[in-house]
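Q: Taken in sequence, the protein lines are chains A and B.
Heads up: the first sequence begins at 1 in the working numbering, then just goes up one per residue.
Heads up: the second sequence begins at 1 in the working numbering, then just goes up one per residue.
It should be emphasised that the hints constitute simulated quantities derived from the structure, not laboratory data.
It cannot be assumed that every hint is accurate.
Repeated chains share a single entry, so a pair holds when one copy, or any two copies, can fit it.
With a straight-line cut-off of 35 Å between C-alpha atoms, the simulated DSBU-like cross-links for lysine-lysine are [as the list claims (entries may be wrong)]:
hint: 1; residue 1: Lys109; residue 2: Lys335
hint: 2; residue 1: Lys135; residue 2: Lys417
hint: 3; residue 1: Lys332; residue 2: Lys152
hint: 4; residue 1: Lys329; residue 2: Lys118
hint: 5; residue 1: Lys273; residue 2: Lys87
hint: 6; residue 1: Lys190; residue 2: Lys364
2 protein chains.
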Amino acid sequence: MESLARDTKLVIGMVGLPARGKTYISRKIARYLNWLGFKCGVFNIGEYRRMICGTKECTADFFDPKNDEAVKARNECANTALVDLIKFLKEGGDVAIYDGTNTSIERRKMVKQTLTEKIESHSLMWIESICNEEKIIETNIRMTKVSSPDYKDVDPDLATRDFRERIEQYRKKYEELSKEGDGENTAFIKLYDVGSQFIMNNITGYIESKVVSFLMNLHITPRPIYFTRHGESAFNIEDRVGGDPDLSERGYKYAERLSQFFRGELENGNIQKNTKILTSTLKRAVHTASMIEIGVKPVYLKSLDELNAGTCDGMTYEEIATRFPIEVKERKSDKLNYRYPRGESYLDVIQRIEPIIFEIERSKQPVIVVAHQAVIRCLYAYFSKHDIMEIPYISIPLHTVVKLIPGTYYAHETNYKIDVETGCVEEINVVKYSLIEDYRSVKA
Amino acid sequence: MESLARDTKLVIGMVGLPARGKTYISRKIARYLNWLGFKCGVFNIGEYRRMICGTKECTADFFDPKNDEAVKARNECANTALVDLIKFLKEGGDVAIYDGTNTSIERRKMVKQTLTEKIESHSLMWIESICNEEKIIETNIRMTKVSSPDYKDVDPDLATRDFRERIEQYRKKYEELSKEGDGENTAFIKLYDVGSQFIMNNITGYIESKVVSFLMNLHITPRPIYFTRHGESAFNIEDRVGGDPDLSERGYKYAERLSQFFRGELENGNIQKNTKILTSTLKRAVHTASMIEIGVKPVYLKSLDELNAGTCDGMTYEEIATRFPIEVKERKSDKLNYRYPRGESYLDVIQRIEPIIFEIERSKQPVIVVAHQAVIRCLYAYFSKHDIMEIPYISIPLHTVVKLIPGTYYAHETNYKIDVETGCVEEINVVKYSLIEDYRSVKA
């Protein structure tokens, strides 16, 4: 929504015991808001502690609220993180996430007061993650904590035991967010057991309500997401932009091969009959998607149509260069923001496909998206580790299926290059990457 | 999102003591979902009671849970409403709202069981409105209950007293929604004091999460909303569609007059310096909006751009008729769904401007929207009493300001016709209409 929300800075403060997914939630929100074009940074107090205090003393008693010296050291880390957070907002940041336990009312009041003193116009919202499902906590400890620098060279079982002691240390001083304790007007969201229940208090504001909707659609059930462009079209052959051409002969062959590919995925149990197929309203995509025979009908969405090239629609790149040399120059200098005359920019596409991101996030079933180069660049960037600035340059070749399986901590990606003549499927670019160690984390 | 959500039927059951705004919430949700293109009906148990039992016996003791005969009669009304609700969904309805008190667990379980038996694929979500602010309750009773057919020819003070007794009768058997009482998996939202606090349990599903976001943005603070088209453009003179022409000389004059008008509104205290001005990215709107001198800068939103006429963009209606006679015929037969080749339909515009509706609903400050004919038709229809089918035919003339003040129960509308030459402002179409007695209410 462009500049609708840019008047006030937003600080999101996380609250909760260790191993309640606070960092996961922080990174997800940051990724989402950055993708939307907001400048959002995460300030993780644990990272500051490791940077300032090192990791040697990080056994559970360092987290004992009665260990005065440790309390002092930990407060210093929290304060340093807060100073950096304020600096980030003053230097043009839109949203800053303060990722720590913040388990006492005293600490939260201190944060509130510091922000009030230091940032003129801002709002503060707390997000508390409460999780009592032992299985989720155990997985979280094993997957993220044991492998953390705090437990380098420590036996995993020993590390787990120590980490559980650390949790108990925090529990001693834990005061849940409440209207009574934190004040009637405090804006907060309490999430129970990864979104099965929510409590919200005094949530207003544009970004705030976007964040809530986003959180409501999150889940941690892994399922594959497939992206593919339509088969080759007449315009692809002529190197023309946009238009509504039909598939070429080769394009129709791809549609057949694609159907074969997904029938294979069905047989292998990678997808089920409840898979969702989403496609655009343009012929080349409609014809590609409607040939996928796995027992479900595609849903045709205008919001998946290709980036609108406005007055350049239907021209070849050569024609555009000859007729609009200035436009071509402008586009080169800022491809993300460049808007074709009477058409769209990449940022416009991001705004328009946001509901699709929600739909895919929300779905616990596999999702297949058959769309177009620019649209898939935007969708794929959200789910993978690409920065918003990279979006216009991401390679999404024709006749290739991108398969992503985002988990809680890691995403798996495989690309399948399909030879339309032979039907040969080549697996390329098989990678696994962390969704927790986010490059967008702001470090001092 | 077109057909993304059409697989399952949704039933929304209201819960709460009388005078807690259940009917207001029901009508708002119905209006919103209907506007989005879902077929949504409200089944108000009170209306069924008045229809079946009449209004003669409607003193407080009719609502005493110990009055066996009355309990039986009231159950019958509730059941009749439920039968109609099921019929509505079976005959093509998408969402049905069961608007009653539903204050006992027993009753809610009965509703759930009946729906499970009668409708194959559906989901059920409860919305409970809890209000303890005496002022809101008092206003609600005075504004809606005292004037209801139940209290025809009864002294208002007497009616208020009787209605308060009725509330006490319901309170005797009131069991709030809870995981413990209604079951762990029950989907519910609890709203406290008109949205200051929310509790949500197990909310999943596309429409459900839309409804939650919608409720989060509701408030009952009245403030004016202004809609106006840009000033006359070169294309308006030539009767051309779309394009990105600048304002004509008359158009610039309108922009000046419009600025005068809003400076007057500012002086009269009708708007304040925190007013929001939203406009599109097209020259004729940008130039009109940017001339409004009330101390705030407009926000330029691509989503407010005019309906995209695709390949017909820039043509006169005459040219379109000559070159695309079949298109013109199709458009005439279903103007709401008709999509220009490579362009948009009215329904497409509704999808794309939905965030604007949220933004306006959410705003407690006055909002000025400077946009285009089709876009304003869609926005205006949502806030006024127009049906979605009427949208393409609503008259939104040039050089006219539509001012709406939606309250909780009534909306006030005034249109101001501005003579660009003389600067004379004529008030036309001054109306007040109820937002509670909604034409969309489904009656047996």
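Q: All hints, please: hold or fail.
A: To see whether the hints hold, each was checked on the structure:
1. Lys109 / Lys335: neither (44 Å within a copy, 56 Å between copies)
2. Lys135 / Lys417: Neither. Shortest intra-copy (38 Å) and inter-copy (66 Å) distances fail the 35 Å Cα cut-off.
3. Lys332 / Lys152: Neither way: Lys332 and Lys152 sit 46 Å apart in one copy and 72 Å across, limit 35 Å.
4. Lys329 / Lys118: Neither way: Lys329 and Lys118 sit 42 Å apart in one copy and 63 Å across, limit 35 Å.
5. Lys273 / Lys87: between (51 Å within a copy, 30 Å between copies)
6. Lys190 / Lys364: Classified as both; 23 Å inside a copy, 25 Å across copies.
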